[in-house]
Amino acid sequence: MAANETTAAAMTSPRDSEAIAARDRAAEYLVSRHRYRWAEALPWLACIAVFFLFPDRLTFGSQVLVMVLFALSLDLILGYAGIVTLGHAAFFGIGAYTVGLGAAKFGWTEPVSGLFAAFVVASIAGFITGWFLLRYRGLTLLMLTLATAIMMQEAGNLRSDLSGGYDGLPGLVFDPLLGRFDYDLYGHTNYVYALVVLAVVFYFVRRIVYSPFGQALTGIRENVRRMHAIGSPVHWRLVTVYTIAAGIAGIAGALFTQTNAYVTLTVFDFENSAKVMVMLILGGTGRLYGAFLGAAVYMVLEDYFSKLSPTFWQFGIGLLLVLAVLFARRGVLGLFEQAGAYFGKDKNLDKNLDKNKGTKP
Amino acid sequence: MTAALQVQNLNRSFGALNVTRDVTMSLERGARCALIGPNGAGKTTLVNLITGVLKPSSGTVLLNGVDITTSSQATRARGGLARTFQINQLFRGLSVLENICMAIGERDGENSNMWRSAGAKRSVIDEALDHLDSLRLVDDALRLVRELPYGRQRLVEIAIALAQKPRVLLLDEPAAGVPSSESHLILDVVANLDPDIAVLIIEHDMDVVFRFAREIIVLVQGAVFTQGTPKEIMSNEDVRAVYLGQEGHDAVQRGGGHV
Amino acid sequence: MPQFAIIAVSILFDGLAYAMFLFITSVGLSVTMGLMGFVNLAHGAFAMAGGYIVVSLTRNLGIGFAPSLAIAAVVVGAVSVIFERGLYRRLYKATDLEQVLLTIGLAFMAIATATYLYGPIPKSVPLPTWLQGDISLGFRAFPTYRAFLIVLGIVLISVLWYAFEKTNIGAKIRAAVDNRRMAESVGINVDLLFTLTFALGSGLAALGGGLAIQLFGLSPSFAVLYLVLFLIVVAVGGLGSLKGTLLAALVIGVIDTGGKYLYAEAGGFFIYAITVIVLLIKPAGFYGRE
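Residue numbers (numbering that gives the first Met the number 0), protein chains in the order written: chain A, 0 to 360; chain B, 0 to 258; chain C, 0 to 289.
The set of hints was computed from the structure by calculation and includes no laboratory data. Quick reminder that beta carbons are idealized off the backbone N, C-alpha and C, glycines included. Mixed in with the good hints there might be a few duds.
If the Cβ cut is set under 7 Å, some of the chain A residues that face chain B in the computed set are [to be verified]: (1) S16; (2) A20; (3) A21; (4) A26; (5) Y28; (6) R205; (7) I207; (8) Y209; (9) S210; (10) P211; (11) F212; (12) A215; (13) E221; (14) A228; (15) G315; (16) L318.
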């Protein structure tokens with residue numbers, strides 16, 4: 000029956016060239032959407048430029064890259080799938096402690112395999128908690144994710160013989176990267192290491208986002224009732240992406256431990272969960288590069304202002320959040336796009352970008 | 000031959016309130032059945048029970064002879080059951096084309112793929128365009144759903160359900176909220192549905208019901224009041240008394256509007 | 000009296016006092032969340048503001064503790080109306096995420112302001128003599144302040160109970176929590192009702208903040224630290240349910256106190272575990288609507 004319909008439509012409808020052209024335009028948009036654009040090189044070029052321009056700030060630079068990675072993992076679940084969580088730091092912390100404990104207690108000091116271990120352990124944690132928690136929405140989900148993260152922190156505190164408690168595990172020593180590159184004082188190695196890890200993970204995340212699976216996540220965010228009705232295994236989809244995002248947050252946490260050479264239980268803090276969310280929101284959710292911009296802007300501002308006055312910084316970030324919610328719901332990237340549209344640049348480009356992100360109605 | 004959809008002794012209560020009472024009905028392949036009844040008769044609840052949004056308190060639902068009473072919504076949908084909603088449930092921030100591709104992707108299991116890019120399968124896009132074509136929506140393919148006028152959105156609502164290639168289609172007031180100047184577009188689509196699909200339509204407009212349906216089920220207070228051909232229903236005094244009210248036959252003749 | 004009984008009584012007593020603080024502070028949050036579905040993470044900031052007002056009134060102006068509590072509750076309640084009308088109202092129909100972000104932003108600003116004005120060091124209040132010392136019940140002496148807290152809590156619960164169950168406004172609130180659209184269609188002005196309950200809830204939170212100073216000390220981080228507890232009480236109790244909030248406050252208060260008596264190293268582990276278990280079994284809390 001359906002074959003019928005298809006052929007019938009194909010025979011009768013594209014009568015003239017105009018109709019065919021309309022079809023082609025529509026198809027072309029979908030086909031070309033995932034292609035790399037020139038503008039996408041900019042953040043990466045900026046990262047490379049930083050390496051040469053600020054050689055004495057690379058330790059800070061690698062911290063920024065770690066937070067970009069963390070924010071990217073949150074973007075997958077918050078920006079694309081629409082899962083609001085207040086406990087994403089749980090997975091960052093698990094990753095951080097996987098390599099921390101590995102190095103301190105088991106002599107597992109090889110860094111790259113440590114990242115894999117962190118990915119696996121955090122993914123397992125993400126799968127288990129996600130399977131239970133992702134049936135819920137709204138306040139219940141907020142509270143469950145929040146409570147899960149704090150429970151992990153409390154559990155870590157209970158076994159402070161292992162975790163080092165809030166004093167942490169200081170002075171961790173990791174093997175030279177790939178057996179060759181030592182961690183120099185100015186963090187050159189760390190920076191390049193973090194950048195390469197970020198690039199690799201970014202490639203995977205980008206593929207996921209532009210895949211049919213990524214589309215399905217967007218569908219869940221846009222209208223979960225319809226997704227159920229068209230046969231989508233919604234819970235399974237959410238658990239899958241939650242598991243992946245947890246794993247990536249784990250990698251970010253592991254990088255954090257490795258580049259700092261220490262870790263404390265504060266990685267599980269609610270503040271850490273809130274901070275990464277704020278970064279992502281400021282940059283713009285559901286758009287890949289929002290994580291870049293948000294984390295970088297936040298970290299640089301924090302670094303600058305909190306040296307001047309931490310109180311002032313805290314007030315400023317609060318004000319920024321309030322303003323963002325009231326006036327810039329699509330983050331800094333969204334503002335750029337609006338500005339671009341306002342000054343009459345390529346209208347279509349703006350429209351297409353708009354299509355990719357999909358604000359809540 | 001097994002019926003496309005069979006509902007047996009279905010009950011559902013919310014607390015002390017029985018919203019569905021012992022409903023038994025079936026749709027043969029290619030059926031054109033209208034479900035009518037006064038507001039609050041439990042029509043949408045019945046659709047929700049059939050599609051699995053709600054779980055019945057008791058009773059069974061069979062889809063092509065298979066018991067789906069405890070199946071998830073997704074399983075039912077993949078088994079060939081599709082529905083539209085009384086109030087639009089669309090992906091408002093996505094383009095019309097993407098809305099349709101979403102349904103095709105879920106139907107074919109494509110949407111589990113994390114590696115291929117969403118636009119790489121031209122066959123999916125072409126099929127989606129064919130669906131849009133048959134509903135005269137191609138020109139709107141790249142527009143965001145939320146930018147469309149309401150009447151067109153109602154068409155997208157149907158297009159998504161059709162893209163599922165259903166064997167049983169439940170239409171919950173497809174023309175609801177659409178100005179009468181545009182509703183004929185939607186009703187034409189309904190009238191020209193694939194003759195193999197079993198269709199159940201909830202509709203208040205008696206003109207539409209009598210034009211479209213070969214069979215009518217009257218639901219009153221959650222129970223099947225009576226069922227029969229349009230002719231039988233029209234001449235049924237009880238139906239007129241209970242459902243059509245004082246105006247009786249006149250309302251039927253006038254095409255009633257929202258009763 | 001055997002040792003374990005003394006411990007049990009102590010846990011119950013302290014837990015009860017703690018529960019009263021939780022109830023007084025959280026009940027407004029529960030009702031406003033139930034009414035509007037608004038996730039208000041700035042609720043702890045209202046409590047903190049009440050606490051600091053009490054500190055200023057008692058320390059700088061020499062006003063008594065009890066009148067200071069009342070003034071703080073009224074002032075914060077009144078000021079909260081400005082926030083509700085000016086900011087919150089715009090976001091009733093927004094997503095959870097937007098509400099979370101706006102109110103976290105407000106909480107951050109409040110913490111920063113408090114740090115600027117009062118510094119990061121915890122503050123205390125001078126208590127009047129009638130609240131100092133202990134009350135002896137024969138087998139054991141109990142701190143007078145905690146006994147006061149329990150009595151005050153019981154009085155407030157009774158008043159709220161009466162207002163909620165027996166008065167016209169209470170009936171309207173219950174109707175609106177139950178089914179907002181229906182309530183509006185029968186002519187209840189839900190917006191106004193919400194403003195009133197919001198002010199009352201914020202005022203009670205301020206009262207709770209003032210009462211908390213003697214228990215935990217007051218520092219700017221109060222706004223976030225205890226917010227998590229208030230949210231847990233609300234979520235576990237069920238949105239908009241007075242009964243649920245009370246039950247949850249009792250459960251959390253007693254269990255947290257017991258945990259700290261018997262197994263201090265575990266910190267807050269028990270209450271979070273209880274929260275997770277309750278919510279997994281009853282996602283809408285004890286008395287929430289599913």
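Comparing the hints with the structure gives:
no.	hint	verdict
1	S16	13 Å, violated
2	A20	10 Å, violated
3	A21	5 Å, holds
4	A26	5 Å, holds
5	Y28	6 Å, holds
6	R205	10 Å, violated
7	I207	5 Å, holds
8	Y209	5 Å, holds
9	S210	5 Å, holds
10	P211	5 Å, holds
11	F212	4 Å, holds
12	A215	4 Å, holds
13	E221	4 Å, holds
14	A228	6 Å, holds
15	G315	31 Å, violated
16	L318	28 Å, violated
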